[in-house]
Structure formats: structure tokens, C-alpha cells
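S.K.: Okay, here's what each chain looks like letter by letter:
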Amino acid sequence: MARLVRTDRAIVFTLGPIERLLAVHFAPVEMELSTLRRVEVVEDIWTKVRGVRAPFTWIKDHVMIGTRRGLFGKDFDVVYGLGRGVCVEFEGGPWARFVIKDGFPEDLAALLRG
Amino acid sequence: MSDTEDQTEELRRVVERDRAIFRTVIAFAISAAVSLLLWHHIGHTLTGKTDVVGYPLFANFNVNRYFDAFYLSAIVGPLLFLCTYEVIARVGPLRRSVGRRRADRRELVADGDELREPSNRSGRVLRELIRLLGVGALLGVEIVAATAITSPSSPMSEVSIALAYTGAVGLIALVIARVVTTRSWRSVASAVNLLGVGAMMPLLYGISQATSVTIASTHQVIPYHWMPLWVPVAFDLALIAYVGHRRIRNGHSVARIEQALILFVAIPIVIFTLHANLPGALGPMDPFGDGEYLAAGWMMIHGVMPWRDLYLIHGVFDDGFKGLIGYALFGPSRWASVAGISLLLNPIYWVCLYYFGALLFRRRPLFILGLALAVTIGVFVDQDPRYTFWPLVLVLLARVLKVRSWPRVLAFVIALLIQAILIPEMAFALAACALTLVAFEIYERRGPRLELRDLRTTALTVLFGAIFGGGFLIWLVAEHAITGFVGYYRNFADAHSLVGGIPLYTNYAVGTSTSALGVTLHAVAIPPSFTRYSIELIVPVLAIIATIALITVRVRTGRRLVILDWLSIAAAIMVTLYYQKGISRGDTGHIAEVYAVATPLLILLTYQLVVGLERAPLLTRQIARLHSLGASARNRLVGRAVVLIPRSPIALLSVIALLILAPSTINAAIVNVNWFMRASAPTPAEGGFVAGGPTLGYNVNAIDKVAVSDIRTIFDRYAGTDGAVFDFSNTPAVVSYLLNRKLASQFYNINDVLTPAAQATLISELTLSKPVVVLFNGLGMGAWDFIPNEIRDSTVSDYLLTNYHPLVYADGQLLLLRNGTKHHGGLPHLAGPTRTVRLYSALGTCDWGYIPNYLQTPTTPSIPPKQPSLSLGLKFIAHTADGTIYQLSRVTDLQSYHWISATVQGATGDVGLSISSFPRKSNRDITWISQGSTTTQVEVASCLQWHGYEHQLFLRYLGAGHPSALTLIG
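Keeping their order, the protein sequence lines are chains A and B. Reading the first sequence from the start, the letters are residues 1 to 114 in the working numbering. Reading the second sequence from the start, the letters are residues 115 to 1084 in the working numbering.
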């Protein structure tokens, strides 16, 4: 199961092997802490899903794992089903956002904010 | 042949000519008579029912008459003429006495005159001098624009530079030719002149470096360098490679390469320069019209995907990319977006139009020069970036018709598909090009009978179309965007005329008129003389007829159809299809759009006319005679002068006529070129209304800032800084752009919601997103063609007014709050004037006009709660000047009913009906017109005032007859 964790130098998306396969993404997904701009708790996590799939597994409103691209850059999203979650925004670096659905988004957000 | 046979043949020719004239006159008379007869049977009023709302329904105005008039004049009439002519030519006393002439399709026929180098030395020297002067003048324009060497610019600067350049190049060439090489002076001059052409792009880079805005209040100069250095470097390297390739591999002469580079590099760069413009401070902003592209581009940058998340009525290019190019170049502001359009997209449009002619008519440089002048000095004034691709698609079609190879077909198909996808209204081009291609292949078949292999290119086109079009559709399915893509055609393309139809010659500036029953109507002002509007309305139709005539004459006279004829056919089909869009909303802008689409056809026809005249035997004979006399003249000077007479005198005369008759002049086009990229603004660019949001940029009174701030305050208070809100007022420039609010629906302006299906989609999206606040009416386009959004989108309005209640009327903006929303401490302090009472009468009369007579009403209204119908009693009160007043029986739960049904008896003409809570005429009225004795149904719950009515209602009845029944429907 995908998790978003904060290490002493980066925010890291940890993915299971099946999730990496579904995301068609095998390289590490992480962003340095210096690029962190905002951590936001979102009531409906699907509202933070943007851009087009490139590539990943996506069944609308059910599951979405992987990269999304657009003129904004690229996001990495892991969302299962409807509900709340956390959106982490970065400035600079390869990723513009990490989006993850989480049952306890306030706790996760606090953890990520450090 | 003996004299007698000669005389007989001559007599037969004269008789046949006379017969042809009679046939033409008779066929014309019959086709005109039949067309007029049909025209008189077309009704002035609407018939039948529809499910969309627009001015035609509101004013009982039959917009379909325009379509019928167009079909009769551009299609039925000409075809009737041809059929009649053909019948008369086969039977009866006027039948044709000679056999039909068939074109020999086996031989290849050139499109136009071959490019011929002058055969005499004088002509060659003159041509080289003209080329040097031309490049010098073009360099002069670029130098003045880049350096602002004079202020204000005068054409003398360009002329001086041109003369100096010509002298310098001529001298250098002379020295090199005498000292260094054995090549001729002309050849060396051509080579040196190539360097001049190579300097054009670096000079454009110089213009980019000089682009700036000066702030008048602070004298600060802010640079806007829009071209990166690698562009001129890469361009010139490519130019060198091209010249080397043409010279070494193809063995082309330097003069030929020089001409190609002047036509395809130097002139387009100057056309770009003369049309590019950096705006200064912008004036008032149209929250709807400007907002369409400002907001869509802004949202697309931030990950909103067209078709899936965003419904774009003008397509991804016009509503999306058009706006965001400026953001990418100059930053996130309205000024930046407009600058991107005026500095890049508009000039690119003109350059593409020029390339259309330059690529197709390269054998006639004089005609290309004329086209360059035409696009520069105001002959073609209507431009719209969305038509940029159409001339290029036609060029690609020409290349396919010329050589039917798979790479050319591939390029053509991809261009055609990209255009259709990005600009959906240009999907008409698919049909135009497909029909032309099929007809071309049938015509160009190898044997007398059509075989499958003859349609090879068509099959290849279909195959590539299926691969790329199918691939795109699969991608849309994968992105969950296919519904939105198809939805455009179901929503917009179907409903355009009945939603947007207005009378031709509608002049918004003249004001309005009011009918006897109080319906507001567009004022129509037909000018006494030909205006630009009239010309643009009529010329495309004439161009279609001219194309039919041209092709018919070619076929009938046994001439082979050449590629330019086929292009004319494709362009004429396109105009025929697109013209209907123009007359389905015949205001100045839409008629101009048709004209822009017709421009390639007009250019093709003009070319055909010029070439046709120049090929006239009389003219060609006389020119050949003059040249022969010149060559053998005893006086050397006279001989030289005579041989300088061009072989394309009509093209030359056309260029001269263009210079004299064009709306503008070369002087006017270049006089301020040094200021095109040096703009000024009175004050610095303004900041945004929200953090991270876009700004207005340089502006002077762009918008009511107090109103925008107040809307933001209310949004923030009730929906939070990031919550979804909904804009029912057509104000995307404020809601989705300046305030950077999250969309509650894919419809970012309500103007895009035209059909019941689209309204149902919107309601389902609102049910899911549950926006807390709705901007119901205000800065944006709350009504158009006198029909408020509440009536245009009655089902959505009914949904909103049922589930929301008025919160405040602030600075002229009515905001609604979702029922059951906590008030968070009440209304925040607002800077502008506010009102929280009498909100249900804030928007004035809800006038349905004739709409209920033509609008299909749902058999079961879909808005809950459903109520059993309630019949209302009518009690006569009084006769007044505004109509007879009836009191209706009291209703306790009025707002649970959504529709009212009224039956009129004893009336033969139109009668007016008004429902109100007052027994007199007031701005609380809900009014409509019933056409005679009939039953009409009105969705009253879509009107704001309905929700403010209490238990007692009154009916005001104006006209003959009387109301017999009134029923409330839940």
C-alpha cells in the first residue's frame, strides 16, 4: 500500500511492487524538503486530480495510481476510492504535486509538515 | 478546306454562340423564377417546437429564412440553372449543334504560367535591381522597428536604407565580379543579397530585444524579450543548410534561391513585424467575452483538461491556447494574454495566409507580391487566429493532389485532424476536403471506368484518418473525456441558429425597439450604401457561385481541371458549410468570421481571374509582338525599353490598382513600426485579487475592483478560500480567472449550456460538487438578446432557485447561498453598496416573449418536489391600460410548483399574459405571449421573483379573448 513519508531530507512516496506496476513507474518518487511549498488536507481528494494520465492506471472515481502531466508539470497521485486525502505541493524539481488518499489526512499532513 | 466550308463553319459557330446566349438567358430566367417562387413560400414566423431557447423563439423570428435564402441563391439556383441549361441544350429548338467537348485528362496540365527568367539582359538586370531594392526596403522596416532610428518613423528611413543597401550590394558585387571571380555581376549580387535575407531573423530578434513597456508615472522601462537567442541562430543555420542543399544537390541558380528566400523568408518576416503589436495599458474588460479565453487558458495551465473538466465552446485552441500563450511568454496577467495574441497569434495568421498564396502561386511572383501588399495594407481586415490553419490545410491538400504519395497524405490528414480537434467548428473542413479528394480521384481515374485502385489516395486518407482519429478517440476514452468531446457536437453544433439567431444587419449601437405587447426586439439598420458588413455578407455567396461558374465553364469548354480548380472546389464547399454559421448569428463579428474563412477562396478566384485574363489570346499575341519588335528595334534604347514590358501585365496592373484602391497605404502600415513593440502604460501593472491568482496587468479601469473584491469576500466567507462556487452570471473573467476559484462544473460559463441535455449534465455536476455560493447575476452577461440566463437555462435556474436563496445584492451582483448553509457570523463587511431586502425583485421582469409557444415542455417536470397539478380560479378585477387584471385563487405552497399552464380562448392574434404578486404592471412580472387561443406552459420557478411571491397572485391579460384556465404544475 502506498505511503507518503517524510525523511530528514525528502518527502518520499513509497509504493508496493504491484502499485509500481500499475503506475508504470519504477524509479523513486521523492522530492527534497527544500522544494516543499504547501501541505493541504482535502475533503474530496479527486478535486486535486488534474492533467492527463502519462502513464498510470486510472478508473475514474475508483482508482488512480501514477503520473499525471499537464502544462503545470507533472503530479504523482495515489488515490483509491472516494474520500479525504492530502495534497502536497512543491516548487521546482520534477514533481509539482503528490496526491494521496488517506483516512487520517490531518495526521499525515502534520507529519509531512514536520 | 474550301471557302464555302469555311463560311459554313463560321456560320455554324455564330449560330451556336447565339443559341448559347439564349440558353443562358432562358436558364437564368427559369432558375430565378423558381427560386423566387420557392422563397415566397417560406414563412416569416417559426413553426414547430424545439428544446433550446434563443432570440428566434423569444421574438418569433424565423432565422431559418436566412438558411433558405442562402440555399436558394448559392446552391439551388445555380444548380437549377445548370440543369435547365443542360436540358435546353439537349432538346428543343435551342439544342446544341456541336458535340460536347471533353477534357483530355491524360496529359498533365500546368497550373499557371511557368516562372520564366527574362530572356534579355536588360530584363535580368532590372529584376536583380528590384530584388536588391526589395530586400533593402524589407531590411529597412526591420532596422527601423528594432532600433527606432527615427522618431516618429517616416518611410524615408526605409527608402534610404533600401537605396543604401542596393548601392552597397551592387558595388560589392561589381568589385567581386571584376576582381575575385569570373561570375556575372548579377550572380554575385544575388549571392550577397542572400546575406541580406539571412539578416532578417536576427533583426527580428533585435525587435524582440527592443520590446518593452514604459511606465509613464515612473519612467521605468520594462523589457519583454519574447524571442530566445537560439531561434535566430537555428533559423540561420537552417537557412545555410537549405541554400547549400538547393545549390549543391539540386543545382539551382543563385538567382532562383534568392527569389525563393525573398518570397518565403524576407517577406513573411516583415509581414509578421508589421502585424505584431505589443499593447499598452488595456481598457475595460468584458467579464464574459475576455473571460472565455482568459479563464480557460488559466485553468488549462493548472491541470484542467479540456473535454473532461472543461467545456470549451470555441475549442481548445480559441478558448484555451489562445489565452495561455501570453501567460507563458509574459506572465500571468490579462495584459500578458492579450499581448500573446496581438504579438504572436495575429501576425502568424497573416503570415499563414501569405504562405498560402506564396506556396500555391510561386510561378507568379508578382501575384505573391500583390498578396503580401493585400495582407499588409488592409485589403483583408478580418482576422481570427482560429482560422490560421485553414490556408495551410489547403496547401497540404494541393500537395496531395499534385503528388499522391503517402507522406503527403499523412501530413495532410494530421493537419486536417489537428485543426478539427482544436477548433471544432473547422470540422467542416473534413467534409470539404474529403468530398474534393473523392471527386478528384474519380475525375483523374486512369481508364474510362472507375476502378478501386483509382481511389488509392482516398483509401489512404481514410486509413490514416482512422488510425489517428481513432487513436485520439481511444485516448479520450482513456482520459474519461469522450463524453465531453461528443457533447460539444450534441450541445453547441446542433443548437447554434435557434440559440444565437438574430436578424441580419442587427446594429447593437442603434438600440432596441419594443413590440405592441412589450417584447424587446433588436433594431435592424440596413445602411443606404454598401458597407463592410454588406460586402462580407454577400461576397462569400458570390464566391461560391463564381466557383460553380468557373468549374462549369472549364468542364463545358473542354479544359482540364487543374489543382487550383480543385482547391477552389474544396474552399467553396468549406465556405458553403461555414456560411451557415455566420448567418445563424448575423452580427458583425460572425459575418466577419465567414469572410475570414472565405479569404483563401477569394484569393484563388482572383488568381484564376488574373491568369485567365493574361492568357487571353489577344493579350498574349500583342505582348509577344511588342517583345519581338523590341528585340529587332534599330534604336537600342527603345528596344531595351520595349522588352521591359512585363509578360504579366494584368498582375502588374492589379498590384498598381491594389496600391491605389486599398483601404490603407504602405506609408500607413510602416509609419509607426518603431512603436509597435514599444508600448506605454500610465501606471505599473497591478497585483492580483487573490494570492497565487492572475492579475490584470497594465490596465486603465479594466473592471469594477470594488465589486470584484466584494465577490471575493463573500466567496471566502461562505465557501472558504478553496471551496467550489458556481457562476450563473457568465462572469468567467472574475470567478474562474481573477478570483481563481475552483470549478463546480465543466461549464465555466453558463452561456455554453444550450440544450436540455447540457442542463441536465450541469445539474448532476452541481449536485455532486455542491457549491455553497452562486454568483447569480452581475458583472457578466446576465442576459443576451434580451433573454436572461434564468430563461435560457430555465431548468438550471429552477434548480438553483429551489436549492439556494438570495444572500445579498452587492455592487449590482446577486449572490445566492445554498439552503441550509451555516452563516458563519453573518454577512461580511463589503466595500460597495449592498442590499439584503427585496432581493427577489432585484432582477426585474422575467420576460419569456414568444418562447412558451415554441418550447417543448417536459411531460413530467423533473425538478422535485412533485406536486399534483392545481387549477386556479380567476376573478375579474379591473380593465386597465396595461390589460385586464384577474385575481387568482390563493395558493399556500406556491414555491412547490414549478410550471404554470395558461389556456386562452377567443383570441385570434397574439395576447400578453403576466403573472405577478401585484395587481398592476411592475418589475415583479413574469410575462409571456400566447399566440391566439391555445395553451402555453411556462417554467415560472426559473424566475427569481416567483420564489418571492406569497399566496396571492394576479394575472394581467392584454389582448382579445380571455383566459379560460390557469393551472400550476409541480
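Hints are supplied without guarantee of correctness; some may be wrong.
Unchecked claim - So the derived label-pair ranges between C-beta atoms look like this:
no. : chain 1 : residue 1 : chain 2 : residue 2 : range
1   : A       : Leu21     : B       : Ile556    : 48 to 58 Å
2   : A       : Leu71     : B       : Thr597    : 36 to 46 Å
3   : A       : Gly16     : B       : Gln1009   : 25 to 35 Å
4   : B       : Leu882    : A       : Leu21     : 49 to 59 Å
To be verified - To be clear about the criterion: a stretch of chain B counts as covered by chain A if any three or more of its residues have a C-beta under 8 Å from a C-beta of chain A, and this derived list gives those stretches:
no. : region
5   : 299-309
6   : 524-538
To be verified - The calculated DSS-like cross-link candidates involving lysine-lysine, where the alpha carbons are at most 27 Å apart (straight line), are:
no. : chain 1 : residue 1 : chain 2 : residue 2
7   : A       : Lys60     : B       : Lys856
8   : A       : Lys74     : B       : Lys856
9   : A       : Lys60     : B       : Lys884
10  : B       : Lys936    : B       : Lys989
The set of hints was computed from the structure by calculation and includes no laboratory data. From the three backbone atoms N, C-alpha and C, an ideal C-beta is built for every residue, glycine too.
S.K.: Compare the structure with each hint and give your call.
M.R.: Here is how each hint holds up against the structure:
1. A:Leu21 / B:Ile556: 48 to 58 Å: Check passed, 53 Å falls within 48 to 58 Å.
2. A:Leu71 / B:Thr597: 36 to 46 Å: violated, 23 Å
3. A:Gly16 / B:Gln1009: 25 to 35 Å: Cβ of glycine 16 of chain A to Cβ of glutamine 1009 of chain B: about 54 Å, so the range 25 to 35 Å is violated.
4. B:Leu882 / A:Leu21: 49 to 59 Å: violated, 31 Å
5. 299-309: violated (count 0)
6. 524-538: Since three or more residues must qualify, the claim that chain A covers the region 524-538 of chain B is violated, with 0 doing so at under 8 Å.
7. A:Lys60 / B:Lys856: Between lysine 60 of chain A and lysine 856 of chain B the Cα gap is close to 19 Å, so the pair holds against 27 Å.
8. A:Lys74 / B:Lys856: holds, 19 Å
9. A:Lys60 / B:Lys884: holds, 19 Å
10. B:Lys936 / B:Lys989: Between lysine 936 of chain B and lysine 989 of chain B the Cα gap is close to 43 Å, so the pair fails against 27 Å, i.e. violated.
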